[in-house]
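Q: Protein chains in written order, with our numbering: chain A, 1 to 231; chain B, 1 to 711.
These are calculated hints, taken from the structure and not from any lab test.
Hints are supplied without guarantee of correctness; some may be wrong.
What the hints assert, rightly or not - Quick list of simulated restraints, FRET-style, between CB atoms: (1) B:Gly272 x A:Lys187: 54 to 62 Å; (2) A:Ala157 x B:Glu305: 20 to 28 Å; (3) B:Asp268 x A:Val18: 37 to 45 Å; (4) B:Ala84 x A:Arg33: 38 to 46 Å; (5) B:Asp268 x A:Thr159: 35 to 43 Å; (6) A:Trp116 x B:Lys274: 30 to 38 Å; (7) A:Lys187 x B:Lys422: 20 to 28 Å; (8) B:Pro489 x A:Glu180: 44 to 52 Å; (9) A:Arg162 x B:Lys274: 36 to 44 Å; (10) A:Glu192 x B:Gln563: 47 to 55 Å; (11) A:Trp179 x B:Lys302: 56 to 64 Å.
As the list claims (entries may be wrong) - These stretches of chain A come out as covered by chain B in the derived footprint (C-beta under 8 Å, 3 or more residues): (12) 111 to 121; (13) 125 to 134.
For every residue, glycine included, the Cβ atom is placed at its ideal position computed from N, Cα and C.
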Amino acid sequence: MFSLDWRGLVLPLCYVVVLGGTFMTFSTIYRKRKAMESANLAPWFPPHLQRNVYLSLLHMEPEGGSEKTPKVPDSVIRAALLRRAVEDIHRIIQIRTAKAACGSLLQRGSVGDDLWQRFQRAEKEMEEELRDVVMEANALAPNWGQIIFQSANEIAANTTLRERLDEIQANTEAEKEWWEKRRASIKTKELEEDGEKVTSGDEPVIVENNTPSATPAGTPSAGSKKKKGKK
Amino acid sequence: MSAEYAYDEDGHLWPFFVFTLALIVTVPLTFSLANRSRDPAAAFKRIQTSFKHDQSDLVDTLRKKEKRKDRKLWLLILVLAGWATMGQMLYLIKTTEAPENKLWNPYDILNIPESATEKQIKSTYKKLSLRYHPDKAKPDPAKNLTIEAISAHYVEISKAYQALTDAEIRENYIRYGHPDGKQGYSINIALPKIIVSDGNGKYIVLLYSALFGVLLPYLVGSWWYGTLRRSKEGVLMESANRLFREYKDNIDEGGVITALSTGKEFEDLLKGDKADAGLAKLESKILAEGELSPFAGGLSVKDKEKLQDLESGPQRKALALLWAYLGRVELDDPALTKAKFEVAPIAEALNKSFTAISLAYMNTAPLLASYYTSQLLIQALPPKSSPLLQLPYFTSKIVKAVEGDSRVHTTVQSFMDRPDSKRRSLAVGKGLLTEDQYKEAVSVAKQLPYLRVAKAFFKVTGEKYIIPSSLVTLVVKGRFVPPGNEKVPQVNEIDLEDVDPAEDDLDAILGRKAKKQVGKDEKGKPIMESTSDEPIFPPLAAAPYLARDHSPRWHVFLTDSKQGRVAVPPFTFAQFDRPIFEADGKTPTFAMQTLKAQFQAPPQAGHYTFVMHVVCDSYVGFDTKMEVTLIVEEASKAEEMSSEEEISEPEEDSIAGIMNAAKGGAPPNPKKRKEVKREEEDEDDDSDEESGTDESEDDTSDTDTDTEDES
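Okay, chain A solo, but in the shape it has when bound (with noise of 0.2 Å):
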């Protein structure tokens, strides 16, 4: 038989204990800290309000003194819920463009990955977003998850291009006011140069040239006039 020499184990085992160690608690540490790190990623979305408010509505709480529930009309838990379907079609539209763009520069390491697991994230959480609105309008009207969304999206569209709309139409007064410092300065210049008899080549006097004189109080009225045709 064999006598041991456990003296002399001692050191390599030794070696082997501390290098497993170490492996192990790099590991540990490490996939701990991974978890906090994606348990702590800020999420995609801003709280989703519409939602809160249909829920608020939903699950109304008796308010203080009266014992009963006050009782919500069924067209205003309706229209709560079309608001947040809206919502939600402008969130999925957002992802869908969003997708294949941050997929891409993933890739190519433009972005980083912790941007792609917020996306995935959100992406998930769309899904069952989605999946209950169709379940809450089930049950509000038979048959309207079906088309709710297809609203949803006509109001989303709608609402888009009425603010570009009113973008375009908040510029109006700020236009009219400089065309008219901009004629006035023309016509002052004009009466200097017929006052002074000097013929100039110039072209761009001509284009302006009868404004003036036609018709100087019809202008504003065409002005308002385009106004009323683009309401």
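Keeping the supplied structure of chain A fixed, place chain B upon it in accordance with the hints.
A: Relative to the frame of chain A, chain B by itself:
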């Protein structure tokens, strides 16, 4: 005899080893140090100007500081240490004596010439043995002669004698260099004995574990996490992520500026109390009424709202500083002014990342907004401001005097195209520019590299038609015509052609520059045109407010105007093949530059109309936008073409023609033949030394897209 391993005990080997090691490490490091300390911007030409604004000195110091950051002290120390080690090792090599390792030579022992005859050898041996035989010689303590030494010496003598006379021993001597046969050899390890001597072992082990257990993982880790921390565009990954979130399909330049302010780099720059210091003052300055725009910072009402919606902190301050920089707002505060010039280069770097992001979405508007933002950041101009502000001494007052209250901004080109007297009357005057300032502004304007596109067309190398899914080259021909040059020569039509290299011209196919033969010397040797192979860089951007040296780049890309999407992603050109300015750096050469971009043709035949954008990233208002049409023919047409041309119809009077007629074939249509003939003649004109077949190429003419446009 057996081999034995020994450490280098007398220290004559390890200095060589250390010297070689130090040489291997130090020489490359020295090279990289020399490269670093040379100013990279010095190789570039600059636009000549003496213009200085109020904060020129500050901008210069910031530029120098950035360059100094690039130099690394540890590298210098390492290189010095390396050379010192090498010097010491050389000294050691020189001073330590190498051990005597003489070859055993019987002639030397007997003290006779190598030409000695056998007789001489014998007589010498006899004489020597008479003198040195242990029986004869007496030990002499005074001379340190002992019995052993005497007998050893005698043995040597007799061995030498035998080596020269005895056949067997002589054989040994010839084969192994010694009469006793093969000698033992020793291998010395070129490490000093100290490192293994007792007591030092633990330090060596410590050193090893420090090297492999600490330093190596540290280096690998810092490299790996360093690459993870920064995106491909060189900005912090966190900033890139935030920029991605800020992207919108309808973003404009102001929106891009706001988006850029989210960068994490600004948080590092505006740390601690810097994040809020002077913010109120700063905002009141940029939101004061401006001369040309509603606010002095040049921001729109929408941008102002966005600024005021932000929580006060680094982002809000960075954004306010950016607007102050773009609006060239005086801040009357040294710390704020310095910060103002520091944020711009950071925003410029971040903008590269934003460009990559908007490119991934493939929408035209955000991509253009991103490129325009780069121009604005480099030139310190607010969005929708006059390009004239790029010229030195031009302030909003002068711009107002030049532009009047027109809504359309005057570009530098259109300003410079006016006659000198008219320009002068507008810009020079009391409260406006002085005569000298005007001259300086004009001289700078005449040096700005404006790429004027002369022609743009598509082609497939070596083919006549563009067929579906082929590799199409977009060729853009243009000249650098600085604004305000009166004597611009006519475009040489030959320059507009893009002739394919001949099939055997390897140099051209591989992209090497062919040298043009200019003439012949008296011996008949061809004299080649003296063109340097080095690419030509445009002069550094004239950006007196940017605290960096920036080399301008041109981006060429195609968009689909109906869908507002990018059809062919940008190709970036930062260097050119022909000189832009003469040696004095001021006179333009008007040489025709060729920009080429390759992409894949659409899979279906048809006419595709694209909008081609040529955008310079450094100057405002120097962009070109024009329509180009890509004509993709059916693949069958190209095949038809080639088969028709390869097997030409037999001539009427040839034997084949007679045979053809005999078979009942109609004689070839004379009219058609005439046409073919004319075509051949045409082709002969422009391509003379092509291969002899009818398939000779007139590449450009058929695939042209009629986009001649010299504006």
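Q: Each hint: holds or not?
A: To see whether the hints hold, each was checked on the structure:
no. : hint                            : in the structure
1   : B:Gly272 x A:Lys187: 54 to 62 Å : holds, 58 Å
2   : A:Ala157 x B:Glu305: 20 to 28 Å : holds, 25 Å
3   : B:Asp268 x A:Val18: 37 to 45 Å  : holds, 38 Å
4   : B:Ala84 x A:Arg33: 38 to 46 Å   : holds, 43 Å
5   : B:Asp268 x A:Thr159: 35 to 43 Å : holds, 39 Å
6   : A:Trp116 x B:Lys274: 30 to 38 Å : holds, 33 Å
7   : A:Lys187 x B:Lys422: 20 to 28 Å : holds, 23 Å
8   : B:Pro489 x A:Glu180: 44 to 52 Å : holds, 47 Å
9   : A:Arg162 x B:Lys274: 36 to 44 Å : holds, 43 Å
10  : A:Glu192 x B:Gln563: 47 to 55 Å : holds, 50 Å
11  : A:Trp179 x B:Lys302: 56 to 64 Å : violated, 22 Å
12  : 111 to 121                      : holds (count 4)
13  : 125 to 134                      : violated (count 0)
Hints 11 and 13 from the list above are not met by this structure, while the remaining hints are.
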